[in-house]
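Trainee: Sequence:
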Amino acid sequence: MDGTWTIGELADRAAAALAAGDSPPANGRVRDLPNERLIRWYTTIGLLDPPLGRRGRTALYGRRHLLQLVAVKRRQAAGRSIAEIQVELAAATDESLERIAELPPATGKEREHFWRDRPDISHRPATVTDYRTSRPPVVQGVRLGADVTLLLEASHLTDADLAAIASAARPLLDELHRRGLTRTAAPPRRSQ
1 MDGTWTIGEL ADRAAAALAA GDSPPANGRV RDLPNERLIR WYTTIGLLDP PLGRRGRTAL
61 YGRRHLLQLV AVKRRQAAGR SIAEIQVELA AATDESLERI AELPPATGKE REHFWRDRPD
121 ISHRPATVTD YRTSRPPVVQ GVRLGADVTL LLEASHLTDA DLAAIASAAR PLLDELHRRG
181 LTRTAAPPRR SQ
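Quick note on numbering: the UniProt record's numbering labels position 35 of the sequence shown as 35, and the sequence is numbered without any gaps.
Quick caveat, the hints were computed from the structure, so don't treat them as lab data.
Some hints here could point you the wrong way.
Claimed, not checked - Using C-beta positions, here's what the derived DEER-type ranges look like: (1) 172 - 56: 30 to 36 Å; (2) 150 - 86: 51 to 57 Å; (3) 102 - 159: 55 to 61 Å; (4) 45 - 159: 57 to 63 Å; (5) 37 - 181: 24 to 30 Å; (6) 84 - 147: 44 to 50 Å.
Glycine included, every Cβ here is placed at the ideal spot set by N, Cα and C.
Starting from the given sequences, assemble the full structure and let the hints guide the process.
Mentor: Encoded structure:
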């Protein structure tokens, strides 16, 4: 399903659209940026359509959901109650949602270079790494055995690092094998 997003991606897109718009400030009772819980609640009360489908257990949302979400937030920012918004948007067409949502024009860059931009995660909990101010850690995988891989947050590993890791991992691999948690024991030591 091209053009679909997870609930987190939908929240990020809605937050970006709301930040780019000229809507009046929130009235203090209204959460100005939508989050995943709010999106689920809006779906439950009928302000948002049900998800388009699923990929495994992950619900997928599309452009209409984005229009609905931003339109609801714009109406709330203008002081409308949820009941008034439900009546107005109950059977709204995409065209009327476009007019209310006032999404900024698409630049075409959104899909082409999505990996270059750091998402705005200001509405996310503080425990999430802030990709705007710090680079995410580089994770290296070091194969210790046929079915064991060690993941390290390291940007570069030398041959000496790899040899030291292999040597230090030998007792762990032996123990995992004794417990039946791996298919193979640690490789024999190389004579030097």
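Trainee: Could you run down the list of hints and mark each one as holding or not?
Mentor: Going through the hints against the structure:
{"no.": "1", "hint": "172 - 56: 30 to 36 Å", "in the structure": "holds, 32 Å"}
{"no.": "2", "hint": "150 - 86: 51 to 57 Å", "in the structure": "holds, 53 Å"}
{"no.": "3", "hint": "102 - 159: 55 to 61 Å", "in the structure": "holds, 57 Å"}
{"no.": "4", "hint": "45 - 159: 57 to 63 Å", "in the structure": "holds, 59 Å"}
{"no.": "5", "hint": "37 - 181: 24 to 30 Å", "in the structure": "violated, 37 Å"}
{"no.": "6", "hint": "84 - 147: 44 to 50 Å", "in the structure": "violated, 59 Å"}
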